[in-house]
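Colleague: Letter by letter, the chains look like this.
Protein chains: 2
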Amino acid sequence: MFQNSELFSLTYGSLVAHLVNDLENTEGVNKQLERMGYNIGVRLIEDFLAKTSSGRCYDFKDTAEKIQLAFRNYLGVTPTVSNWNSQYDEFSLVFTVIPLTEFVELPDNCLDIKYCNILPGIIRGACEMVGTFR
Amino acid sequence: MFQNSELFSLTYGSLVAHLVNDLENTEGVNKQLERMGYNIGVRLIEDFLAKTSSGRCYDFKDTAEKIQLAFRNYLGVTPTVSNWNSQYDEFSLVFTVIPLTEFVELPDNCLDIKYCNILPGIIRGACEMVGTFR
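As given, the protein sequences belong to chains A and B, one line each in that order.
Heads up, the working numbering is the position in the first sequence plus 198, with the first residue counted as 1.
Heads up, the working numbering is the position in the second sequence plus 198, with the first residue counted as 1.
Some clues are possibly wrong.
Identical copies look the same in the list; a pair holds intra-copy or inter-copy alike.
Stated by the list, open to error - Under the rule of at most 20 Å between Cα atoms (straight-line distance), these lysine to any residue pairs were calculated in the SDA-like manner:
hint : residue 1 : residue 2
1    : 249       : 205
2    : 249       : 207
3    : 312       : 237
4    : 249       : 301
5    : 264       : 202
In short, the hints are calculated from the structure, not lab data.
These numbers come from a predicted model, not from an experiment.
Start from the sequences, fold in the hints, and give me the full structure.
Modeller: Shown next, in the form of C-alpha cells:
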C-alpha cells in the first residue's frame, strides 16, 4: 500500500486554486489558508493528544519536539528544528520536502502566494488549544 | 507512524465548508466538488499507472477491480464491488467507511450536500484519461 499523499496534495491544490480564483488578492488567499489551518489545528490537537498520549510540555524545546513529531505523524516528513534564539523562545522548522507541494508549479502571477500557509495556521490553532501561546 | 487521514479529512472539510459559504446553492457545491474531483482524477491516474504498472483493462469487471485498488491505495479503504447489471456495464461501489467523513456532521441546512462528491469526479477524470468512457 502506498501513502495517500498524492491525493491529499492534489486536493489541497484544488483548494488553493479555488481560493486564488475566488479571492481578490494574494494577501487574502494567504490569510484564508492560515485561518483554515487554524481551525484544523484546533481540532487536530485532540487527535494528536489522544494518539500520542502526550502530556504537558515542560519547555519550549519540548514543544518544538512535539510539533516535529506531529509533522512526522500527519505529513510523513520530519522537519529539522534549528535557529534557536538566545532566549530559547524562537526556532525554525526547516523542511527539505513537503508532500503538499508535490505536482505544484506556481504561475508567475501567484509567486507571492504562501502555498503552504495552512501549516503555520495549524500549528497556531493546535498550540493555542494547549495554552502554548498566551 | 499513524496515517494522515485525519489531516486530509479536516482539510477536505475546510474545502467543503468554504464552498458552502461561497456558492449560492447546494447544487453548485455538489457540482464544484465533482469538477474538482475530475481535475484531480485527470492527474492522479498517471501516478496510479506508474505505481501499479497497470496495463489496459480487458473488460469492465477489470476496470471495477482497478478502481477498487485505487481506493485502497489512496484512501486506505476497499469498497465492495456489487450490484452488477445484466449487461455488466453498471456496478456499485459500497463503502462501509470513508476517511473523508471523519469528524463530519452536516448541519440541517446542508443535508442535500453530496459531501464526498469529489470521489465520483476523480473516478470520472481518471477513467476518461484511459479511455474507459467514450
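Colleague: I want to check one pair: residue 249 and residue 205. Are their C-alpha atoms no more than 20 Å apart within a copy, between two copies, both, or neither?
Modeller: Result: close only across copies, 13 Å inter versus 23 Å intra.
Colleague: How would you label the pair residue 249, residue 301 (within, between, both, or neither) given a Cα cut-off of 20 Å?
Modeller: between (30 Å within a copy, 15 Å between copies)
Colleague: Regarding residue 264 and residue 202, is the shortest C-alpha distance of 20 Å or less found within a copy, between copies, in both, or in neither?
Modeller: Close across copies (16 Å), not inside one copy (23 Å); limit 20 Å.
Colleague: Pop the pair residue 249 and residue 207 into one bin, within, between, both or neither, using alpha-carbon distances up to 20 Å.
Modeller: For residue 249 and residue 207, only the inter-copy Cα distance (16 Å) is at most 20 Å; the intra-copy one is 23 Å.
Colleague: Measure nothing new, just compare the shortest in-copy and cross-copy C-alpha distances for residue 312 and residue 237 to 20 Å and report within, between, both or neither.
Modeller: within (18 Å within a copy, 22 Å between copies)
Violated hints: none; the structure is consistent with every hint.
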